[in-house]
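> So the chains spell out like this:
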Amino acid sequence: MPSRQARLDRHRGWTAAFLLPSVGLLAVFVVVPIGLTIWLSLHTWSTQTPFSSAVYRGLGNFRELLADGPVGRDFRQALRNTFVYAGLSIAAILPLSLAFGLFIHRVAIRGTGVLRALLFSTYMVPTIAVAIVWSKLYSPSEGPFNQILGWVGVSRQPWLSSPDTALRSLVLLNVWQQVGYFTVLVVAGLTQIPDSVYEAAALDGARGPRLLARITLPLLRRTLLFNVVIALINAIQVFEPVAALTQGGPVGSTNVLTYHIRRVGIERSQGGLGSAMAVTLLLSLVVVVSLVFAVNRRGYEA
Amino acid sequence: MQRVGLATVLVVACVAVAFPLVWMMLGSLKTPAESLHTPPVWWPAHPSAEAYRTVARVVSVGRSFRNSAIIAGVTTLGILVTSLMAGYVFAKYRFRGRNALFAAVVATMFLPPIVTLIPLYRMIGWLGVDGRLIGVILPNLANAFGIFLMRQFIKGVPDELIDAARLDGASELRIVFRVVAPTVMPAIAALTLFAFVYHWNSYLWPLTVLQGNTDQYPIVLSLGRLLSYTRSAQNTNQVMAGAALAVLPPLVLFVVLQRFFVRTLARTGLTG
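Sequence lines, in order, name chains A and B. Quick note on the numbering used here: the first sequence kicks off at 1 and runs consecutively. Quick note on the numbering used here: the second sequence kicks off at 1 and runs consecutively.
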């Protein structure tokens, strides 16, 4: 009987055949466009013309993004809005998903399955539908949110119509839609902690908040780290509520990068400038994710 | 006593989470007068399906659903086929550069789509498929998450099963789709759910490719148009009915396939 390796080698031709469709598609539609984005970021190029019509301008696009003009101001505001939106979203999603996850995993009463299904179902709903429904919930006069706030004596909020509250209102909508997904990941992480760990901790007299801080959270560390990174990447993609409800306003307060880059690079056809924005976003993302991992490692060693 | 407290927390949490969707359903059954009333009317006095009839016409619901079904269905089918084949190779074949290639594939999973949107838009135009459904579908037929998921599950398929099939003279193609695939059905169900829902809901890419060719619009884009159509008219009940229609297919699929997703998420190993 031939060795295992020899039997595998006979199928070598299949390696290429099986990989070609997926790796080929990813190469053409992901890797090549990344390269093109970087290349275009160094050029002046109208999106409506062939790539060959691009004119090299070195780092001119990036200089414009850093300069004092309206292009730079709008871009930096969008970059700031995006990271504020992501930061607030993570700050809300992380503790909420942990609380829901612990509740669903630890509480032995009937109906926690219903909560989990309800939570996850919001993640399955098209974001454009969520945006539309929430715009009506936020409606200052006919919306139920201000009515409910009125019952408990809180004054009316302007929600989407004021630059002070619009971005935070979009964060709230995002948290509602996404918290269930992260809850499921927390529950999955919790089920992987063996019961023996809890039994040992109980023998040592650890319970309540002490148990959470000393046992559960450290063992959930990888789950929580993963959740932060995914929540960040999801938050950067926010588009529908901005496109459908605020168009980046009022006064640029909800202008976020996915919306802004599309507006500049495709609607205004400034493909080179838009690509420079995309490259800056990618670099910022790499820096932030590296920082998250570095902070995590530091905390682990301490 | 503690049980009552926990049950109360559970009920409050369920109500809070469900509230926006319940409001949507109630809103879709109101009359225009009720939906404009201040303070808001919570319960429609005379529930009416009028808004659904109007909105089905305004968004050409049949055509929009067909476009959505084609986009989500064909894309999902493509992802299943390409992911099974690549997942099988990454799980069961040994070749030089395997781990590096797999790492590169997984890395693409974390890329925000806006980073490549501008050149992709131009490439689709260059291929001559802009404004058409095929242009929406083509770049998404392979998916890094799908490959990752299939590899994780196929790794658990016993080598003996595959070797036995080979001794029986089965081709590798037959092994992937007739021997391996049936043993990873939960993963296939979960990937079907994720891929179909993701591409049913996807907005930015179809909007960019279809560029105002409303005949080809999926339901989510028609819904986006509905908002601007009704902005002046303030027909909240119609907007809610439109949202309810768009929400229905992914929710139904979720209810049918939901028992697979938790197990699958836990098995991906991404979660600790």
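Just so you know, these hints were derived from the structure itself, not from any lab. Where hints are given, some of them may not hold.
What the hints assert, rightly or not - Which chain B residues stay away from chain A? Per the calculated CB distances, all over 12 Å, these:
id, residue
1, 16
2, 52
3, 53
4, 56
5, 60
6, 78
7, 94
8, 105
9, 112
10, 124
11, 132
12, 157
13, 219
14, 242
15, 264
To be verified - Rough simulated footprint, nothing fancy, chain A against chain B, three-plus residues with beta-carbon under 8 Å:
id, stretch
16, 30-43
17, 61-72
18, 79-90
19, 147-156
20, 189-202
What the hints assert, rightly or not - Label pairs and their in silico Cβ distance ranges:
id, chain 1, residue 1, chain 2, residue 2, range
21, B, 25, A, 292, 48 to 54 Å
22, A, 106, B, 170, 31 to 37 Å
23, B, 128, A, 222, 28 to 34 Å
24, A, 73, B, 62, 45 to 51 Å
25, A, 207, B, 16, 24 to 30 Å
All C-beta atoms in this analysis are idealised placements derived from N, C-alpha and C, irrespective of residue type, glycine included.
> Determine for every hint whether it applies to the structure shown.
Status of each hint after checking the structure:
no., hint, verdict
1, 16, "violated, 9 Å"
2, 52, "holds, 15 Å"
3, 53, "holds, 19 Å"
4, 56, "holds, 15 Å"
5, 60, "holds, 16 Å"
6, 78, "violated, 8 Å"
7, 94, "violated, 6 Å"
8, 105, "violated, 6 Å"
9, 112, "violated, 5 Å"
10, 124, "violated, 9 Å"
11, 132, "holds, 16 Å"
12, 157, "holds, 15 Å"
13, 219, "violated, 8 Å"
14, 242, "violated, 8 Å"
15, 264, "violated, 9 Å"
16, 30-43, "holds (count 7)"
17, 61-72, "violated (count 0)"
18, 79-90, "holds (count 7)"
19, 147-156, "violated (count 1)"
20, 189-202, "holds (count 3)"
21, 25(B) to 292(A): 48 to 54 Å, "violated, 39 Å"
22, 106(A) to 170(B): 31 to 37 Å, "violated, 47 Å"
23, 128(B) to 222(A): 28 to 34 Å, "violated, 46 Å"
24, 73(A) to 62(B): 45 to 51 Å, "holds, 46 Å"
25, 207(A) to 16(B): 24 to 30 Å, "holds, 28 Å"
The structure does not agree with the numbered hints 1, 6, 7, 8, 9, 10, 13, 14, 15, 17, 19, 21, 22 and 23 stated previously, though it agrees with the rest.
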